[in-house]
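Next come the chains, spelled out residue by residue.
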Amino acid sequence: MDTLFVSKDCKILREDSTLVVTTGASGRRRIPVEGLRHVIVAGEAQLTTAVLGLCGRSGVRVTILDWHGNVTGCFEPRGSSSSGKVRLLQARHLCDPALRLSMARAFVSGAGANILANLRYRLWRGNANLAPIVGKIEIILTGLERAASVESLMGMEGQMRAFYYEAWPLIDPRLDFGKRRRRPPDNPVNCLISWFNGLAYALVRNEVAKTHLDDSIAFLHSAQEARASLALDIAEIFKPSICDTLIFEIVLRDQMDGVWFHQQEGVCRLSEAGRQATLERWVRKIEDRGGDGSFRDIIRAEALAVERHLLGIQTYRPWRRKV
Amino acid sequence: MFLVITYDVASDRTKIFRKLLVRYLTHEQNSVFAGDITESSWRKLKADLSQRTIPADRLLVFKAENRHNMTALILSKAAGNGAMVERSILHHESGTLIL
Chain U
3 MDTLFVSKDC KILREDSTLV VTTGASGRRR IPVEGLRHVI VAGEAQLTTA VLGLCGRSGV
63 RVTILDWHGN VTGCFEPRGS SSSGKVRLLQ ARHLCDPALR LSMARAFVSG AGANILANLR
123 YRLWRGNANL APIVGKIEII LTGLERAASV ESLMGMEGQM RAFYYEAWPL IDPRLDFGKR
183 RRRPPDNPVN CLISWFNGLA YALVRNEVAK THLDDSIAFL HSAQEARASL ALDIAEIFKP
243 SICDTLIFEI VLRDQMDGVW FHQQEGVCRL SEAGRQATLE RWVRKIEDRG GDGSFRDIIR
303 AEALAVERHL LGIQTYRPWR RKV
Chain R
67 MFLVITYDVA SDRTKIFRKL LVRYLTHEQN SVFAGDITES SWRKLKADLS QRTIPADRLL
127 VFKAENRHNM TALILSKAAG NGAMVERSIL HHESGTLIL
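Those protein sequences? They're chains U and R, same order as listed. For the first sequence, this note's numbering gives the first residue as 3, with consecutive numbering after it. For the second sequence, this note's numbering gives the first residue as 67, with consecutive numbering after it.
With the rest of the complex left out, here is chain U (with noise of 0.2 Å):
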């Protein structure tokens, strides 16, 4: 299997040169480390350094992710593919204010065509309240041609974003969750998309990794923000397509158990419950196979488009969802 979600909480160690995961009094799980390429950990994990010592030898990434699905950090294999070619030509992107900007316009104009995709979906579907909040974006997505600093870029990125969000009450009562909060979320949906933005997240680093690309130099988010990665920036696109959409489904279909979160003193956790329920989702979602392949095998398509961007192959376009 290429990719591990460990939920609950357990101890990893190795033995037989493979890893076993031992969930609570009875459950002991052996994992074929050949052909493992991710662990992801979302619960509370005691791992030992022959663990991290044969996940670094057999190219195996561990993912740590923190109680709201913010991912806290990053155990990388030895020898990741990276070229210095490749390298030096996502440094010259960044070091050229116009390049840099074109590359940031396209990630932009990107999330943004997806993010109206969704709503114009809904309006399609005959949801009329939307029109005007289309209306806006779609302003907004016209003038990034003349945005002329990355900076300004964030920002519209940041008002399309916030126009989105207003329009999920309209879409449905139930999506309405007050004001974005990130750290700590204090409703379902508000921990709902930190989750699933986290798992989008690793899935990009992850897909990333397996090409040229280094993650730390990137066009979009810069060192203004405490980590500049490529992964945020290529995950702005798929966050609307794969995340929200994810999190329609589940709320608008009455999915949504209590038995998912813990609400403590305006803070929303999800429960070991809630975290396998939303995983199984969550893999259905990413592993699917449609007509242009998993949306594993997208984001892993469009990280190459960027590297063949850079090396001058072909000018990237954005992945679009199809509406």
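It cannot be assumed that every hint is accurate.
Calculated pairs, DSS-like style, for lysine-lysine (alpha carbon to alpha carbon, straight line, at most 25 Å) [unchecked claim]: (1) R:110 <-> U:212; (2) R:81 <-> U:13; (3) U:241 <-> U:138.
In case anyone wonders, no lab produced these hints; they're calculated from the structure.
Use these hints to put chain R onto chain U, whose structure you have.
Coordinates of chain R only, in the frame set by chain U:
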């Protein structure tokens, strides 16, 4: 490719195969291992097996080119109402295990 390997060996030798196969495939039942592996991993596995087997050992391999062309199911009986329940195995269907 998707592989199912089963072995039937002397009881004191089962440990050898178990220790080898747990690194590559999921241990589904006693002496039954299954999973998705690449061509190169399969060659490595075959080489490792070849080092360890003796003529009396019996090994069976079922291969499919693509895991999407087959369905893996767990059949289990629910206590009480006597109906058999079919569950698909997520880690074979999607290559992801959730614990």
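The hints, checked one at a time:
1. R:110 <-> U:212: Distance of about 22 Å is within 25 Å: holds.
2. R:81 <-> U:13: Given that 25 Å is the threshold and the Cα spacing comes to 23 Å, the pair holds.
3. U:241 <-> U:138: 20 Å, holds
Figure legend: structure checked against the earlier numbered hints; every hint is met.
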